[in-house]
Amino acid sequence: MIQHIFKIIWNERKTNVWLLLEYIIIFCILWFCTDYLYTMLHSYFSHKGYDLKYVYDIQMQKKPISGDMEIDDYALAMTFLERINRHPGIETVAFSTVSVPYQPGTWTTRYYINGQDSIFMNDIQRKRVSSGYFDVFRINVEGDIFDWQDYTDREKIIITPLRGDRFGNHTMLFPISEIHSLDNRHWQSGEIERVHQVAGTADRIIRLFHQPAMSSLFEPLQREDVNLQSNNISVRVKPEADKGFAERFVREMREQLTIEPYFLSSVTSAQHLQTQLTTFYGIRNHMNSTYAITSFLIVNIFLGILGAFWFRTQSRRSEIGLRLALGSSRRKVQGMMLLETMMLLSIASVAATIICLHLSNPEILRMLGIPFVDKARWGIGNEQNFINFGITFGFLALISMLAVWHPARQAAKIMPAETLHEE
Amino acid sequence: MSIINLQNITKIYQTKEVETVALENVNLEVNEGEFLSVMGPSGCGKSTMLNIMGLLDLPNEGKVLINGTETNQMKDGQLAEFRNETLGFIFQSFHLINSLNVLDNVELPLLYRKSTDKSRRELAKEVLSKVGLSHRMKHFPSQLSGGQCQRVAIARALIGNPKIILADEPTGNLDSKMGEEIMNLLHTVNQAGTTIVMVTHDESIAKETQRIIRFFDGRRIQ
Amino acid sequence: MLKQNKFISIISIAGTALAIMMIMTLIVVNEVKNISIAPEDKRDRTLYITFQVERERVNESSFNTRSGDVSPNIFNKYLSDLKTPEYISIMSDFNPEFKQTVNVEGESNYFQFPRRIVDASYWNIFSFDFIDGNPFSEEDFQSDVRNVVLSESIARELFKGEKAVGRTIQINFENHRVTGVVKDVSTVFKYASGGIWVSRRSHGAVLLVARDKQDFPTIIAEVREAERRYGIENEPWFLYFRGPENQKVNNMDNMWRGNNEEEFRNVIKIENRRRIFLFAVLLIIPALNLSGFSLSRIKKRTSEIGVRKAFGAKKHTILIQVLYENLITSLIGGFIGLIFSYIAVVWLKNWLLGVTDSSTIPLNAFLSPAIFVIVFAVCVLLNLLSAGLSALKASRMSIVNSLNKNDQL
Numbered sequence: 001m002i003q004h005i006f007k008i009i010w011n012e013r014k015t016n017v018w019l020l021l022e023y024i025i026i027f028c029i030l031w032f033c034t035d036y037l038y039t040m041l042h043s044y045f046s047h048k049g050y051d052l053k054y055v056y057d058i059q060m061q062k063k064p065i066s067g068d069m070e071i072d073d074y075a076l077a078m079t080f081l082e083r084i085n086r087h088p089g090i091e092t093v094a095f096s097t098v099s100v101p102y103q104p105g106t107w108t109t110r111y112y113i114n115g116q117d118s119i120f121m122n123d124i125q126r127k128r129v130s131s132g133y134f135d136v137f138r139i140n141v142e143g144d145i146f147d148w149q150d151y152t153d154r155e156k157i158i159i160t161p162l163r164g165d166r167f168g169n170h171t172m173l174f175p176i177s178e179i180h181s182l183d184n185r186h187w188q189s190g191e192i193e194r195v196h197q198v199a200g201t202a203d204r205i206i207r208l209f210h211q212p213a214m215s216s217l218f219e220p221l222q223r224e225d226v227n228l229q230s231n232n233i234s235v236r237v238k239p240e241a242d243k244g245f246a247e248r249f250v251r252e253m254r255e256q257l258t259i260e261p262y263f264l265s266s267v268t269s270a271q272h273l274q275t276q277l278t279t280f281y282g283i284r285n286h287m288n289s290t291y292a293i294t295s296f297l298i299v300n301i302f303l304g305i306l307g308a309f310w311f312r313t314q315s316r317r318s319e320i321g322l323r324l325a326l327g328s329s330r331r332k333v334q335g336m337m338l339l340e341t342m343m344l345l346s347i348a349s350v351a352a353t354i355i356c357l358h359l360s361n362p363e364i365l366r367m368l369g370i371p372f373v374d375k376a377r378w379g380i381g382n383e384q385n386f387i388n389f390g391i392t393f394g395f396l397a398l399i400s401m402l403a404v405w406h407p408a409r410q411a412a413k414i415m416p417a418e419t420l421h422e423e
Numbered sequence: 001m002s003i004i005n006l007q008n009i010t011k012i013y014q015t016k017e018v019e020t021v022a023l024e025n026v027n028l029e030v031n032e033g034e035f036l037s038v039m040g041p042s043g044c045g046k047s048t049m050l051n052i053m054g055l056l057d058l059p060n061e062g063k064v065l066i067n068g069t070e071t072n073q074m075k076d077g078q079l080a081e082f083r084n085e086t087l088g089f090i091f092q093s094f095h096l097i098n099s100l101n102v103l104d105n106v107e108l109p110l111l112y113r114k115s116t117d118k119s120r121r122e123l124a125k126e127v128l129s130k131v132g133l134s135h136r137m138k139h140f141p142s143q144l145s146g147g148q149c150q151r152v153a154i155a156r157a158l159i160g161n162p163k164i165i166l167a168d169e170p171t172g173n174l175d176s177k178m179g180e181e182i183m184n185l186l187h188t189v190n191q192a193g194t195t196i197v198m199v200t201h202d203e204s205i206a207k208e209t210q211r212i213i214r215f216f217d218g219r220r221i222q
Numbered sequence: 001m002l003k004q005n006k007f008i009s010i011i012s013i014a015g016t017a018l019a020i021m022m023i024m025t026l027i028v029v030n031e032v033k034n035i036s037i038a039p040e041d042k043r044d045r046t047l048y049i050t051f052q053v054e055r056e057r058v059n060e061s062s063f064n065t066r067s068g069d070v071s072p073n074i075f076n077k078y079l080s081d082l083k084t085p086e087y088i089s090i091m092s093d094f095n096p097e098f099k100q101t102v103n104v105e106g107e108s109n110y111f112q113f114p115r116r117i118v119d120a121s122y123w124n125i126f127s128f129d130f131i132d133g134n135p136f137s138e139e140d141f142q143s144d145v146r147n148v149v150l151s152e153s154i155a156r157e158l159f160k161g162e163k164a165v166g167r168t169i170q171i172n173f174e175n176h177r178v179t180g181v182v183k184d185v186s187t188v189f190k191y192a193s194g195g196i197w198v199s200r201r202s203h204g205a206v207l208l209v210a211r212d213k214q215d216f217p218t219i220i221a222e223v224r225e226a227e228r229r230y231g232i233e234n235e236p237w238f239l240y241f242r243g244p245e246n247q248k249v250n251n252m253d254n255m256w257r258g259n260n261e262e263e264f265r266n267v268i269k270i271e272n273r274r275r276i277f278l279f280a281v282l283l284i285i286p287a288l289n290l291s292g293f294s295l296s297r298i299k300k301r302t303s304e305i306g307v308r309k310a311f312g313a314k315k316h317t318i319l320i321q322v323l324y325e326n327l328i329t330s331l332i333g334g335f336i337g338l339i340f341s342y343i344a345v346v347w348l349k350n351w352l353l354g355v356t357d358s359s360t361i362p363l364n365a366f367l368s369p370a371i372f373v374i375v376f377a378v379c380v381l382l383n384l385l386s387a388g389l390s391a392l393k394a395s396r397m398s399i400v401n402s403l404n405k406n407d408q409l
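Chains as they are written, first to last, in my numbering: chain A, 1 to 423; chain B, 1 to 222; chain C, 1 to 409.
There may be inaccurate statements among the hints.
Just some of the chain A residues that point at chain C, by a computed CB distance under 7 Å [claimed, not checked]:
(1) Trp18
(2) Leu21
(3) Ser265
(4) Phe311
(5) Leu368
(6) Gly369
Only pairs whose alpha carbons sit at most 27 Å apart, straight line, appear in this in silico DSSO-like list of lysine-lysine [as the list claims (entries may be wrong)]:
(7) A/Lys14 with B/Lys138
(8) A/Lys413 with C/Lys299
(9) A/Lys7 with C/Lys299
(10) A/Lys238 with C/Lys99
(11) A/Lys7 with B/Lys130
(12) C/Lys99 with A/Lys243
(13) C/Lys300 with A/Lys7
(14) B/Lys63 with A/Lys7
(15) A/Lys413 with B/Lys125
(16) A/Lys332 with B/Lys118
(17) A/Lys332 with B/Lys207
(18) C/Lys213 with C/Lys269
(19) A/Lys63 with C/Lys393
(20) A/Lys53 with C/Lys99
(21) A/Lys14 with C/Lys6
(22) A/Lys62 with C/Lys269
(23) B/Lys114 with A/Lys413
(24) A/Lys413 with C/Lys300
(25) B/Lys118 with A/Lys7
(26) C/Lys213 with A/Lys413
(27) C/Lys299 with A/Lys14
(28) C/Lys6 with B/Lys16
(29) C/Lys300 with A/Lys14
(30) B/Lys75 with A/Lys413
(31) B/Lys163 with B/Lys207
These are calculated hints, taken from the structure and not from any lab test.
Don't be surprised by glycine CBs; every beta carbon is placed ideally from N, CA and C.
Using the sequences and the hints, build the whole thing.
If you want it as structure tokens, here you go:
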């Protein structure tokens with residue numbers, strides 16, 4: 001039967017070439033849409049290493065200072081901590097600098113590994129946090145969490161892997177258990193400035209879903225870096241207090257948290273801030289555009305197949321009548337049209353896959369300004385090609401089946417006697 | 001024993017405005033091995049009767065028994081199988097599939113049965129040589145003359161080795177010389193044991209057959 | 001026969017409508033972002049500098065780089081005194097979600113409102129609808145008193161219907177005098193929108209408004225000259241003002257537009273390629289579909305065309321007839337598509353225009369004559385792409401063949 005259908009496709013190549021061409025183009029574009037969306041969505045839905053639910057960001061601001069006022073920022077922060085902890089909705093509070101996953105900005109420094117001179121990495125994210133940070137963001141730590149206010153814990157750090165249980169970057173990976181210390185050196189003299197001892201490890205952290213994960217290092221926030229205005233203040237609230245928390249908290253705490261010269265400016269949900277941030281990076285725009293293009297292509301191929309097979313049913317009415325007369329059942333006629341579509345798709349998919357594999361060069365995609373995934377940095381291998389093929393083919397097959405269903409049913413409804421006399 | 005038995009067949013075509021009675025209470029028996037001609041003017045219902053006999057159309061009333069089997073209650077799949085195995089068709093306008101070559105056209109009925117590529121191919125070659133077209137196997141219908149096309153159609157009807165062949169004006173589109181060739185072929189087939197029912201309006205051709213029945217206005221008159 | 005055609009016509013119209021909808025959505029969004037309408041009614045003669053890069057060469061291959069939006073110092077020294085522009089202004093970003101603590105002086109009822117920090121010249125660039133009071137003047141701007149202009153809705157919320165002009169409000173516990181109240185401005189307007197406009201020097205975007213579009217090259221040359229001056233005064237540091245960008249470039253989606261002229265040009269090149277590619281996809285895919293349909297349709301009408309020709313129709317008459325018939329479908333599809341693109345823009349304004357839910361889109365941008373001309377042009381183009389081949393084929397059929405069309409199985 002397959003051979004027979006193949007013959008028909010070949011003999012009708014003049015009309016099939018349009019459909020085939022359309023299939024190939026659509027397959028190719030969908031391939032790249034799949035490639036991009038799969039990686040993004042996979043990252044979006046995977047475990048990010050932290051939890052932003054019930055987390056809020058508290059923004060404090062400074063009033064204009066009159067005269068020369070002495071400010072002990074650390075003491076003010078302690079007052080703040082004491083007062084905020086008294087609020088019944090608050091579970092934990094954390095101070096940090098450039099460390100929260102919902103605000104722009106990261107900080108990377110060159111680190112030497114285990115004191116070795118030749119092994120260093122430039123892209124380890126450095127985060128300065130108070131001890132409460134791990135509770136606020138629900139970060140699973142294996143090992144000890146430092147006491148940020150204890151001076152002897154000053155050089156204790158917690159590190160996170162890049163993927164699996166490996167620490168490093170996309171060119172260099174080490175088992176995380178083998179990392180004992182990370183040190184900074186002076187950029188000119190190469191003298192060792194600080195040696196951090198690994199006290200614990202945590203789960204891999206995906207800061208924002210559109211960026212590949214990076215290894216990171218948590219170190220204790222120092223007393224002298226504490227500042228109510230410039231630190232990020234994050235709080236985890238009790239689930240039962242979550243509803244309407246921001247407004248209620250501002251109303252109830254405005255006066256108490258006016259700690260001259262600082263005052264409470266705003267309270268915002270961390271999830272909301274993170275969404276805003278990815279919107280700001282244009283990533284949601286990219287994804288929405290990809291969804292729009294995908295839907296456009298899908299609807300078009302649907303209409304294309306619907307129309308083409310409708311015409312085919314019309315112009316082959318007598319052929320179908322004849323087939324019925326010669327002993328084909330209605331179901332077989334329907335099946336033949338389905339099979340014909342699937343074979344067209346299969347032929348197109350082979351051609352399209354070859355094209356896509358050759359076009360996968362990031363340079364070409366970059367030149368066209370198409371959002372794409374840097375495979376090396378994401379650590380994505382060739383298995384992605386199979387995923388792309390599977391999803392693209394499956395999706396197109398489903399749509400094609402839906403589209404051919406109506407014409408096929410029309411075809412099978414034909415009474416053979418009727419069409420055989422339509423001359 | 002009769003191989004085809006039509007009992008009280010009535011067929012009415014209904015459109016929005018008019019109701020046309022194509023067949024009215026027709027009874028007919030065809031015996032095994034017979035070569036029967038059906039005659040009558042255009043629109044007398046003879047083609048309709050042939051379609052009903054061939055299970056291509058359903059009567060409004062009456063029973064169709066073929067080879068002793070009652071067909072009225074058959075489902076689509078059973079009907080298809082039955083047509084495929086018991087009946088062969090020949091049409092006035094040949095009804096070959098233009099996008100397939102001669103060999104593929106002839107093989108068509110076997111596609112709907114269990115058979116291997118090789119056995120199909122061989123059988124097709126065999127029947128094509130019977131109708132004298134071995135040299136045209138790779139040609140497409142558009143490259144053949146009318147008579148050749150009809151011979152291909154006959155080969156197609158024969159390949160399934162059916163008990164009955166139903167021919168609707170098989171010579172209608174052909175000149176007399178070619179028509180004669182086709183009739184000779186059909187007679188050969190009939191002598192080999194196949195029952196043939198042929199609709200025609202050509203007296204001279206009908207006379208060569210064993211029995212003639214005539215239709216007028218949806219009724220059998222002879 | 002009629003029903004078959006109806007079905008195929010519906011599919012064709014749907015295909016056309018979808019293509020036109022996608023294309024027109026892009027164009028309408030572009031139009032909304034670029035058309036000169038109040039309050040941003042000088043967009044066509046405005047140049048934007050939104051990014052500055054200061055660099056110091058460390059060695060052959062590396063630089064120290066400071067970059068960001070234009071700083072007040074740089075603006076004061078190098079941009080505020082350009083000669084050719086009619087108006088020069090620097091203003092902060094406006095993020096409606098980034099709110100400040102605001103209260104009426106002497107009251108302890110605190111509100112959260114977003115603000116934009118602007119200079120006096122800002123008020124010349126945009127046409128605001130003042131309900132009460134005035135914008136602050138250059139003298140106001142220079143004075144020690146901080147001045148603000150409020151949007152109507154914020155003034156109403158703060159003062160509960162009392163007169164706002166002349167009163168004092170506190171923003172982050174700092175006193176500000178209200179000089180005027182304006183009608184609310186939609187966030188569609190990237191630079192004119194605001195809630196509270198505060199008079200102060202800020203870092204941000206610099207707008208250079210020319211007297212005439214033709215002055216652009218002169219202004220750009222003056223900006224380059226300012227960069228040179230910086231280079232001389234700040235050796236070994238040098239400066240790059242990105243752009244200056246015209247309205248269209250300023251509205252591009254991607255934020256990263258390079259750290260020097262070469263990168264900037266490259267980004268624009270890529271953006272243009274991306275647009276062409278996108279339009280090509282949006283046109284070619286439906287055109288392939290429709291081509292297939294119209295070829296099938298022509299095949300069915302072969303004998304009709306044969307008859308027409310036998311009775312004297314010339315090649316080009318057939319060609320035009322087929323194209324013309326198809327154009328009707330294209331135009332119906334185009335019209336439906338345009339309507340849907342409006343719906344899409346209004347419905348998806350959050351994504352497409354990056355505006356907040358409450359703001360409205362100016363109607364003028366939707367109904368500009370340019371839009372209708374473009375729709376028509378796109379329809380004709382799509383028509384040519386989809387029916388061109390079949391029309392050509394029909395016009396070239398030989399009479400005998402088409403009359404004797406052997407329409408068997």
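So, going through the hints one by one against the coordinates:
1. Trp18: holds (4 Å)
2. Leu21: holds (6 Å)
3. Ser265: Holds: closest Cβ of chain C sits about 5 Å from A/Ser265, inside 7 Å.
4. Phe311: holds (4 Å)
5. Leu368: The hint holds - A/Leu368 has a Cβ within 7 Å of chain C, the shortest such distance being about 5 Å.
6. Gly369: With a closest approach of 3 Å, the A/Gly369 hint holds.
7. A/Lys14 with B/Lys138: holds (20 Å)
8. A/Lys413 with C/Lys299: holds (24 Å)
9. A/Lys7 with C/Lys299: Holds, at about 21 Å.
10. A/Lys238 with C/Lys99: holds (25 Å)
11. A/Lys7 with B/Lys130: holds (25 Å)
12. C/Lys99 with A/Lys243: holds (21 Å)
13. C/Lys300 with A/Lys7: holds (23 Å)
14. B/Lys63 with A/Lys7: violated (40 Å)
15. A/Lys413 with B/Lys125: With Cα atoms ~33 Å apart, A/Lys413 and B/Lys125 exceed 27 Å; violated.
16. A/Lys332 with B/Lys118: With Cα atoms ~22 Å apart, A/Lys332 and B/Lys118 stay inside 27 Å; holds.
17. A/Lys332 with B/Lys207: Violated, at about 41 Å.
18. C/Lys213 with C/Lys269: holds (22 Å)
19. A/Lys63 with C/Lys393: violated (79 Å)
20. A/Lys53 with C/Lys99: Measuring from Cα to Cα gives roughly 22 Å; hence the hint holds.
21. A/Lys14 with C/Lys6: Holds, at about 24 Å.
22. A/Lys62 with C/Lys269: Roughly 45 Å separates the two Cα atoms, so the pair is violated.
23. B/Lys114 with A/Lys413: The given pair, whose Cα atoms are some 25 Å apart, holds under the 27 Å limit.
24. A/Lys413 with C/Lys300: At roughly 22 Å apart (the allowed maximum being 27 Å), C/Lys300 and A/Lys413 satisfy the hint.
25. B/Lys118 with A/Lys7: holds (17 Å)
26. C/Lys213 with A/Lys413: violated (67 Å)
27. C/Lys299 with A/Lys14: Satisfied, since the Cα-Cα distance of roughly 12 Å is no more than 27 Å.
28. C/Lys6 with B/Lys16: holds (21 Å)
29. C/Lys300 with A/Lys14: holds (15 Å)
30. B/Lys75 with A/Lys413: This hinted pair holds, its Cα atoms lying about 14 Å apart.
31. B/Lys163 with B/Lys207: Holds, because 23 Å separates the two Cα atoms, which is no more than 27 Å.
In summary, the structure is inconsistent with hints 14, 15, 17, 19, 22 and 26 from the numbered list given earlier, while agreeing with the others.
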